[in-house]
Structures are given as C-alpha cells and as structure tokens.
Amino acid sequence: MSLVLTPKGPAPVPVPHLKPIRDLFADLTGREIEISSGAEPVAVGGASGAVVGLYVDASLETRAIVMFDLELAAYSGAALGLVPPAVAQDAVEARELPQTLYENCYEVLNIFASLFNLPNAPHLKLYTAFGPDDELRPDVRELAVRTAPRDDITLEIGRYGTGRLSIVVR
Amino acid sequence: MKVLVCDDSRVMRQIVVRTLRQAGFDGVDVVEATNGAEGLDVVAAERPDLVLSDWNMPELTGIDFLSHLRARGDATPFGFVTSEGSTEMRDRAAAAGALFLIAKPFDADTFAETLAGVL
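These protein sequence lines map, in sequence, to chains A and B.
Counting from 1, one number per residue, gives the positions in the first sequence under my numbering.
Counting from 1, one number per residue, gives the positions in the second sequence under my numbering.
Hints in this document: simulated from the structure, not taken from any laboratory.
Because the structure is a prediction, the values reported are computed rather than measured.
Incorrect hints may have been included.
To be verified - Capping the alpha-carbon separation at 20 Å, the derived lysine to aspartate or glutamate pairs in DMTMM-like fashion look like this:
(1) A:Lys125 to B:Asp64
(2) A:Lys125 to A:Asp139
(3) A:Lys19 to B:Asp107
(4) A:Lys125 to B:Asp29
(5) A:Lys19 to A:Asp152
(6) A:Lys19 to A:Asp151
(7) A:Lys125 to B:Glu59
What the hints assert, rightly or not - Just a sample of chain A residues kept apart from chain B, beta carbon distances all over 12 Å, derived:
(8) Pro10
(9) Asp23
(10) Ala26
(11) Asn110
(12) Leu136
As the list claims (entries may be wrong) - Partial list, derived from the structure: chain A residues whose beta carbon lies under 7 Å from chain B:
(13) Gly81
(14) Glu107
(15) Ala113
(16) Thr162
Backbone N, C-alpha and C define an ideal beta-carbon position, used for all residues, glycine too.
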C-alpha cells in the first residue's frame with residue numbers, strides 16, 4: 001500500500017462577504033450603503049477608468065485583486081474625503097478621475113485589506129494600485145478575468161451614487 | 001492639549017482629525033506629519049501630548065518612529081491608527097511602547113473610548 005501525499009499549498013484567501021464590505025464602506029463614508037452580488041464584472045485596462053488594488057501576502061505573492069469601476073472609485077473617493085457628490089458625478093460624466101479622488105480611493109483599497117485578514121487566513125496588505133491611466137501588470141490582467149474564486153458586486157453610496165467592485169483571489 | 005497626527009495620506013489625516021472632533025476632543029490643537037521621520041522632528045519642535053500614527057509610511061514607518069522616540073528617551077504617549085490590526089502587530093506595538101492600536105475603519109465611539117484616559 002502506498003502512501004498518498006496531498007500537496008499542501010498556501011492557505012486560501014477568503015472572498016470577503018457582503019456584510020463586512022458594506023460595513024467597511026459605511027464606516028469610511030458615514031453614508032447608507034446598499035450592496036448586492038451578481039453584478040457585471042468590472043472591466044479593466046484600456047479606457048475603462050477602473051482602479052485596481054493588488055494585495056500580497058507576507059512573501060509578496062499576489063493573492064488578491066480588487067477592482068473598482070470609475071463610478072465606485074469616484075463616489076467612494078469623494079465620500080471618504082467629504083468632497084461634494086457633484087464633483088464625483090462630474091468626474092464620472094467626463095470619464096476622468098481627478099487625482100484627489102484617486103488618492104482617496106487608494107486609501108479605501110488600502111483599508112479594504114482588513115477584510116481579507118480573517119483568523120487562519122494569510123495576512124494580506126495592499127501592495128500597489130493601478131489608476132485609470134496605468135498599464136496593468138500581465139499577471140494582474142490575467143487574474144482580473146478569472147471566473148473563480150471571485151465576487152462581482154454592486155454598491156450604492158447614499159447621496160453619491162452606484163458603482164461596482166470585483167474581487168478575485170488566488 | 002496638542003495631538004500629532006502622522007499619516008502619509010492627506011485624506012486619512014483629515015479623517016483622523018475629524019473623528020477626534022466628533023469624539024468630543026474638539027478643543028485639541030492638531031499638528032500633522034506625513035511620515036515617521038517628519039514626525040520625529042515635529043515631536044521635538046511641538047511637544048505634543050499624544051501621537052496618533054499610521055503604521056505603513058514611506059521614509060520611516062510608524063513602528064520605527066516609535067522606536068526612535070523611545071530610544072532618545074522621549075516618552076510622549078503614542079498610539080497607532082492603522083489598517084493593520086492583526087494580533088501580531090498589536091503585540092509589536094505594545095512591546096515597542098504604544099498605548100493602543102485603533103484599526104481602520106474606526107468611528108468616533110472607538111476614539112472616545114480609547115482616548116478617554118489619554119487626553
């Protein structure tokens with residue numbers, strides 16, 4: 001009888017649940033948040049306007065990405081910094097994310113790391129973010145279109161508007 | 001009362017200051033720094049009663065900022081406000097001499113409770 005050894009890979013990264021995501025956005029923005037799963041995946045690259053956060057573990061291995069479409073990047077960035085909704089709506093209309101809103105959105109992605117860090121899961125941190133005009137690294141682009149494990153979410157920030165985020169883990 | 005808010009993100013400094021006010025500490029005088037190296041200078045120049053510092057920052061991280069302060073014999077009360085809230089980081093913070101670690105996102109109630117005995 002031979003002994004079968006199961007290869008032991010790194011511990012899986014959990015896809016965050018909707019409630020902690022909602023709570024995080026509510027705490028950060030002080031706004032009512034409506035959230036639901038089953039959205040159209042966020043498109044990245046080209047002129048999509050999306051912002052992509054890249055999360056790594058302690059060995060600097062890529063373990064997750066979070067993509068905000070332009071709408072969510074603008075609305076979350078504005079709500080975080082108490083920037084009037086009209087400024088974010090103008091950005092969405094112009095399909096251009098002002099630097100201030102991008103920096104604020106980066107902070108949202110930074111704090112989003114806490115949602116991955118559950119007991120017995122690898123500790124992740126935001127390694128970098130790709131803005132609307134940045135070229136994505138090939139591995140990030142490849143991860144962005146994976147079908148699983150992922151979640152595609154619609155999120156409405158009260159008084160600001162509705163956007164989408166996609167989360168992919170590996 | 002004077003508080004140094006040290007964070008490389010402008011919006012996070014704004015939010016920390018806003019939360020301080022919302023938590024009832026509206027009379028405190030706030031000074032700011034954008035990283036630990038700048039924080040060391042500001043502590044020396046301004047003598048704050050409390051430092052609220054981020055952990056991950058360029059130039060000098062929050063934990064190194066704290067270590068440098070203590071190494072030069074400076075006992076200014078120091079707390080972290082950071083997105084890293086793991087047990088390991090809390091232990092490291094406490095071992096280095098931090099009074100508390102508030103994990104982002106936070107609310108005014110957390111600030112009020114945590115800072116009640118400090119400010």
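Here's how the hints hold up against the structure:
| no. | hint | result |
| --- | --- | --- |
| 1 | A:Lys125 to B:Asp64 | holds, 19 Å |
| 2 | A:Lys125 to A:Asp139 | holds, 17 Å |
| 3 | A:Lys19 to B:Asp107 | holds, 17 Å |
| 4 | A:Lys125 to B:Asp29 | violated, 32 Å |
| 5 | A:Lys19 to A:Asp152 | holds, 14 Å |
| 6 | A:Lys19 to A:Asp151 | holds, 13 Å |
| 7 | A:Lys125 to B:Glu59 | holds, 18 Å |
| 8 | Pro10 | holds, 17 Å |
| 9 | Asp23 | violated, 8 Å |
| 10 | Ala26 | violated, 9 Å |
| 11 | Asn110 | violated, 5 Å |
| 12 | Leu136 | holds, 23 Å |
| 13 | Gly81 | holds, 5 Å |
| 14 | Glu107 | holds, 5 Å |
| 15 | Ala113 | holds, 6 Å |
| 16 | Thr162 | violated, 21 Å |
Hints 4, 9, 10, 11, 16 from the earlier list are contradicted by this structure; the remaining hints agree with it.
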